[in-house]
Amino acid sequence: MALTTAELACKPDPPAAAARDREVSAQDIERCRQGDRAALERFVLTYQNTVFAFLSRMVGNRPEVEDLAQEVFIRAHRALPRFQLRPEARVSTWLLKIAVRLVQDRRKRRRPVLVPLYDDVAADDLTHPEHAHRRREIARAFERAASQLSQPQRAVFVLAHFHGLTMAQIAETVGAPENTVKTRLYRARQRLQQLLSAMREAQ
Amino acid sequence: MNPTDYSGWTARRPNAGFARTTVDAMLMPADGEDTGEVAEVHDLEARRPKIGVFGLLLAAALVATTAVGMYGTRKMTARPVQSSLPVLAPPRAEPPPSRAPIGVTMEVAEIEGRRPRPPAVASSDPAPEPPAAPVPPKYVHHPRCDCLNDVAVCSCLGI
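Heads up: the protein sequence lines correspond to chains G and W, in order.
In terms of the working numbering, the first sequence opens at residue 1 and continues consecutively.
In terms of the working numbering, the second sequence opens at residue 204 and continues consecutively.
Isolated chain W (complex conformation):
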């Protein structure tokens, strides 16, 4: 046996009636009953379980992704923002100067005094009010605020 001579590898020969039977099969009505169509149907049937399993896996992945997404969203909305800052007082708007109690602090009184007054409008009442008697300034102990200027939330705001 020569390892480079492959003539010994003989092939199968067709039998005498092969051509006739094959032509019979070829001329069978092509209405899906011939072997080719049947083979394709068998292929599809063989693939059907795989398609089903793939579909189930896809559906499970979709449900899991949706659940995780919904849980995350719910968690975010349910958590109060202030809960993480229990020690901080809620920010309170500073009362407008006009509504501030008179003479609360000396600085406020001074600022009020320096603020430019609107030009006097001629009124029907010519008699100006007599100036109020000077109130002696009260010195109020003002707690020191150590918060930096750029701090977003300062607990000293209300003071």
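Just chain G, with the same shape it has in the complex:
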């Protein structure tokens, strides 16, 4: 199965990509290690969107995402003394790696119910109820289609498409060979396209 670069090219989610490009400084990391409250808050504020974006697409848009995101930051804080900030290493990728493992652990404990609830509505949606309804319908359709993917396929797809990680970074994050990641991404995209096309025809 030959995968071209164009097939694997992903357009990252703008908010996630923006958060990814904004990394904390080495001084802030050092202050976080020392337990500086202000530095820790900056750390959480910098990466919370990335972590929430990944987790909500992995387990569904549910209130549980908040607990999982908090767990990611607590684990990261505990592991900070061992974390080495290298030029090629990004803190966001490291946090996503922790999030991937957390989702895997959670999956081992109990099977996730990938049914979105979408209880919370964004503030701008309240002013346009029709828009809000339409957006929720579309998001539900994506969620339903994504729930048909296996957990590894879903993780690879979300990391590639919404977080703009390279194949090597995804391979390191999910702990799988690069070729396996490519195959998973290819299959995930094929399957999603099939499912979404079928849904569109059904409407």
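Please note: incorrect hints may appear among the correct ones.
[What the hints assert, rightly or not] Chain G is nowhere near these chain W residues, computed Cβ spacing over 10 Å in every case: (1) Val271; (2) Thr276; (3) Cys348.
[As the list claims (entries may be wrong)] Each computed DSBU-like pair below joins lysine-lysine, with the alpha-carbon atoms no more than 35 Å apart: (4) W:Lys253 / G:Lys108; (5) G:Lys182 / G:Lys108; (6) G:Lys97 / W:Lys253; (7) G:Lys97 / G:Lys182.
Keep in mind the hints are simulated off the structure, nothing from the lab.
We put the CB at the ideal spot given by N, CA and C, even for glycine.
Mind docking chain W on chain G? Use the hints.
Same frame as chain G, now just chain W:
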């Protein structure tokens, strides 16, 4: 809905107080009371029944293996070797020629006669014994042995 455009798959956003509550949780004293440690303890507790069942299975397998091994050993030691050969007479050592009854068979007498005698040692008694009177050979019916030479146990040995 474009099947190749995934921008409609929106993500959840953190609420305003998330960073503050998370930092509070991060700065909780790490004495095993924080959520991470508690989660690990819960994990261990969840695994404990599995560990118990695994241990029981291992112990049962060990007991079964030992029992089978002991039974096999006992069976081997209790079985007499001769019991499988009920018709065979126990092997008997052939009596030495010197103790054989005189003139049992002609062949024995002849072999005895041909065996080289040890050199005569000068004894204090110069007078040799007079030769015994020749005993007429007795012909004894010797049952034929059909056992092959390389047979390990031959029932004709005692004859």
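Against the structure, the hints:
1. For Val271 (chain W), the non-interface assignment is confirmed: its Cβ lies about 37 Å from the closest Cβ of chain G, beyond the 10 Å cut-off.
2. For Thr276 (chain W), the non-interface assignment is confirmed: its Cβ lies about 45 Å from the closest Cβ of chain G, beyond the 10 Å cut-off.
3. Chain G leaves Cys348 (chain W) outside its interface by the beta-carbon criterion, the shortest separation being 78 Å against a cut-off of 10 Å.
4. With a CA separation close to 14 Å, the supplied pair Lys253 (chain W) and Lys108 (chain G) stays within the 35 Å bound.
5. For the hint linking Lys182 (chain G) to Lys108 (chain G), the alpha-carbon distance of about 24 Å falls within 35 Å, and the restraint holds.
6. Distance hint between Lys97 (chain G) and Lys253 (chain W) is fulfilled; the C-alpha atoms sit about 28 Å from each other, no more than 35 Å.
7. Distance check on the hinted pair: Lys97 (chain G) and Lys182 (chain G) sit about 18 Å apart at the alpha-carbon level, within 35 Å; holds.
Checked against the numbered hints above, the structure violates none of them.
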